[in-house]
Each structure stands twice: as C-alpha cells, then as structure tokens.
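Q: Sequence:
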Amino acid sequence: MSEKYYMLGVCGMGMAPLASFLKDGGADVQGFDDCPNIQLKTKLENCGIVFSPLHKIETDRKIIISTALKRRIGEIEKETGCNNISRRGECWSKICATRKLTAIVGSHGKSTVSALLAHCIIKNKKDSGYLVGAIPSNFPMHKYCQDGKPLISEIDESDGTIENFSPEVCVALNADLDHTDTYADTQKLEEMFERLFARTKKIVIYPENDAILARIAQRSKTPSRAVKAEGDFMQINRAMAKVAYEETFGEKLNNNVFDDFRGLMRRQEIICDTPKLRAIADYAHHPNEVMSFLNWFSEKFDGEKIILFQPHRYTRTRKFADDFAKILDSHATSNSHVLLLPVYPASEPFDPLGESDVISAKSMRIMLAKPEDFFKIITDKLNDKNTQKINVAIVGAGDFYFPAKEFFSTLK
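One rule links them: number in the numbering used here = place in the sequence shown (from 1) + 604.
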C-alpha cells in the first residue's frame, strides 16, 4: 500500500518538487495552498497531485508543511485532529538518507547551482535524481531516482532541519548570516556548518575565498576541496557546480557545458524587453546577494535605471537595515532611481523595527513606495516621448514579482 501525504503550502518553491518526487515514487499525494503560484499549481496537477482543502483531509495521511507554516503546527493539529505532522526538511531528509546525496548549502546561490547540476545530469543522461528549489526555464524542478542512486539537492538551513541530513558530498557556497531567527549570530551559523561537515561522508567543497568555510573545512576531519572561484556571481556558481559534478560522478565536464543553460525564474530573469524598456527580476534578499546582483545589473546595462527592492522578513530587515541602506544608496544616482516597497513578512508577526522605513530613514536617496507608485512611474516614463530605453530591476524574495510580471506582460 502506497504512503499517503498531504502537503500544506504545496506550491512553495521547496514543497512543489518534493510533492512531485513523492508522487513519482508511488505515493498518494494531495495538497493545498491558500495563495498558489498558478504556474506551479498547473505543473503539480499535471503530475497527478490533487488539490483538496485542509478540512477534507483523511486522518491517515501524513501532513507535510512548508517552512512558512512552522509556527502554526499546533493550530493545524487542532483543526485536523492529526499529530503526524512533519516539516518539509524532515520529510526530505528521510528520502535523501537512502540515496547518495550531494547537498548544495549556503545562504544564497543554492537554486542556481542545483539547476546547473541538473542541467548537466540531463545533458549527460546520468542515472541520478535532483531537486531544484526554483523553476528552471526549460526542464522540470525535479527528477526522481531510486534508492542508492546519486541525488542532487539544495538543502535549506533556515528552519534548522539541515541537521537531519548527512550527505555524501557537501557543496557549501557561502556562510553569510541570513536567517537570524534560527541562528542568532555568526558563531551559531558556524557551529551548524561544523556539524554538517562532520556528517559529510566523502568530501566538502567550498570557495577558497570564504574565510568562515575555509576555517571550518581546515578543522574538520572530512576531506575538503577549495574551489578557486573568481569573477561575478554567475561565474562563481558555474565553477562550484562544475567541481560538484566532478566529485559526484567522478568525471570531468567540458568548459562549454553551461553555454546552453537557460536559467531560472527570478534569477536574472528578463520579464520584459521592448524598445523602450527592459525589466529583470531577481530573488536576491540577503545584503551580499543584493549587492552582487545590483553591481552586475549596473555594469551590464547602460542608460537610465529604476531599482525596486522588496525586503523579505522583518527579522532580516531589522538585522541588516544598515547594509541594505548602504547598498541601495550606492546605486541611487541622477540616472538610477531606487524605490523601496514595504517588507514582505512571510510568516513573521509585524515588527515596526524591521519595516522598510528603517532602511529609507538612513538615506535621502531611497524612496518609499507602494506598488501603484511604481506602476505609475513606469507608465509615465513610457508615455514620455523623450524617454530613452530604461532598465528596471525587481529585486527581492517577496510577492511583488507576480503583479510586476503581469504588468510587464501587457507592454509591447
């Protein structure tokens, strides 16, 4: 008899490929999402996953919840009468435990490096599975594999479930403090990586210029390999993926293997390109990510620029307000305008000390805005006959991406 799962928050970026992987493995999977990504919902339904409201759940189903719902476990137990509830990472770790896991970890870059590896798996017809926590442009978010096979997956440290994973190969991309509600300071984050490296069975891979990861790797008894990763963030991601593939499969890759990689949704995604406007969306939400993306954006495109940033979570905004202000201010010039939306809180309770005005108060050149303000600015620019082509960046991990993409889709 197949296992029965109910995935709550099933259209989340980590939940959707997990649900599909379970379904491909023969499980009976149902799910619900109160704010579904329609593109993902369609993909899941095409995989045979049934959407059903929570109050109709069968009592013998195992409930899997997204990270955003971890504070509501008690409420869900009361509503369903079910106490068999697991977080996404707990469920995924049990699947990975019976396979040869190559874990992609770090505060940022995980989805891109995982997708680059998935691209190579498909291209080289490897008998391997993968899970990507974002939507690739030209292949699925997941590929199923049997027990004992190699499995490439990004592993999220945000909710602490990374402690359940013991990979064969650990690809540590960076050690930037990000989820301060889970890791209070850099020391706590470093201790997490120390434990992860100790549980790694074969080898740890890390960029040689990350001082924290280098220090941990040198102390660890697990063999490690430092990668000389130079250039912009895209070149670094490719260098890390190339070494990860070599260590996972024991074979070299051609230098041009990534030339036909077509990217991911919300990772340098061009969502509009007309004679008068180019709009690019990126998921960057940690200060180092935001800085890397905006440096790339500013150097790559000439002409007038409009940058809109939506901070993600009050805890992160409160912790890094000074960093965000400095980065955004450095990109606010006479020819580059910076707009700041209210924080996207995810599951967090309101915190006035973590709102966007804490960032804007630190710079006269950062303008607080609402979505309608942004749309009006763009419309006015396009209606101005003297406007040359403008470049727009939609930055952040919040929900504004979706109305922005819909808005830009109407422009021809």
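These are computed hints drawn from the structure, not numbers from a lab. Just so it is clear, CB atoms sit at the ideal spot from N, CA and C, and this is done for glycine as well. Do not take every clue at face value.
Unchecked claim - Taking lysine-lysine pairs in the BS3-like style, the calculated list, with each CA pair at most 30 Å apart, reads:
no.: 1; residue 1: 666; residue 2: 704
no.: 2; residue 1: 1009; residue 2: 993
no.: 3; residue 1: 880; residue 2: 806
no.: 4; residue 1: 904; residue 2: 989
no.: 5; residue 1: 856; residue 2: 806
no.: 6; residue 1: 682; residue 2: 704
no.: 7; residue 1: 792; residue 2: 832
no.: 8; residue 1: 904; residue 2: 832
no.: 9; residue 1: 729; residue 2: 805
no.: 10; residue 1: 989; residue 2: 880
no.: 11; residue 1: 792; residue 2: 825
no.: 12; residue 1: 806; residue 2: 753
no.: 13; residue 1: 832; residue 2: 806
What the hints assert, rightly or not - Pair ranges (Cβ atoms, derived):
no.: 14; residue 1: 834; residue 2: 907; range: 20 to 30 Å
no.: 15; residue 1: 650; residue 2: 926; range: 43 to 53 Å
no.: 16; residue 1: 1007; residue 2: 908; range: 28 to 38 Å
no.: 17; residue 1: 764; residue 2: 664; range: 50 to 60 Å
no.: 18; residue 1: 899; residue 2: 990; range: 27 to 37 Å
no.: 19; residue 1: 681; residue 2: 879; range: 50 to 60 Å
no.: 20; residue 1: 961; residue 2: 903; range: 44 to 54 Å
no.: 21; residue 1: 986; residue 2: 860; range: 37 to 47 Å
no.: 22; residue 1: 1006; residue 2: 972; range: 18 to 28 Å
no.: 23; residue 1: 741; residue 2: 937; range: 54 to 64 Å
no.: 24; residue 1: 655; residue 2: 1015; range: 27 to 37 Å
no.: 25; residue 1: 836; residue 2: 790; range: 17 to 27 Å
no.: 26; residue 1: 899; residue 2: 628; range: 17 to 27 Å
Q: Now tell me, hint by hint, if it's right for this structure.
A: Hint check results:
{"no.": "1", "hint": "666 <-> 704", "result": "25 Å, holds"}
{"no.": "2", "hint": "1009 <-> 993", "result": "18 Å, holds"}
{"no.": "3", "hint": "880 <-> 806", "result": "52 Å, violated"}
{"no.": "4", "hint": "904 <-> 989", "result": "25 Å, holds"}
{"no.": "5", "hint": "856 <-> 806", "result": "18 Å, holds"}
{"no.": "6", "hint": "682 <-> 704", "result": "37 Å, violated"}
{"no.": "7", "hint": "792 <-> 832", "result": "26 Å, holds"}
{"no.": "8", "hint": "904 <-> 832", "result": "24 Å, holds"}
{"no.": "9", "hint": "729 <-> 805", "result": "25 Å, holds"}
{"no.": "10", "hint": "989 <-> 880", "result": "10 Å, holds"}
{"no.": "11", "hint": "792 <-> 825", "result": "20 Å, holds"}
{"no.": "12", "hint": "806 <-> 753", "result": "15 Å, holds"}
{"no.": "13", "hint": "832 <-> 806", "result": "20 Å, holds"}
{"no.": "14", "hint": "834 <-> 907: 20 to 30 Å", "result": "28 Å, holds"}
{"no.": "15", "hint": "650 <-> 926: 43 to 53 Å", "result": "45 Å, holds"}
{"no.": "16", "hint": "1007 <-> 908: 28 to 38 Å", "result": "23 Å, violated"}
{"no.": "17", "hint": "764 <-> 664: 50 to 60 Å", "result": "28 Å, violated"}
{"no.": "18", "hint": "899 <-> 990: 27 to 37 Å", "result": "29 Å, holds"}
{"no.": "19", "hint": "681 <-> 879: 50 to 60 Å", "result": "56 Å, holds"}
{"no.": "20", "hint": "961 <-> 903: 44 to 54 Å", "result": "30 Å, violated"}
{"no.": "21", "hint": "986 <-> 860: 37 to 47 Å", "result": "38 Å, holds"}
{"no.": "22", "hint": "1006 <-> 972: 18 to 28 Å", "result": "21 Å, holds"}
{"no.": "23", "hint": "741 <-> 937: 54 to 64 Å", "result": "32 Å, violated"}
{"no.": "24", "hint": "655 <-> 1015: 27 to 37 Å", "result": "32 Å, holds"}
{"no.": "25", "hint": "836 <-> 790: 17 to 27 Å", "result": "25 Å, holds"}
{"no.": "26", "hint": "899 <-> 628: 17 to 27 Å", "result": "40 Å, violated"}
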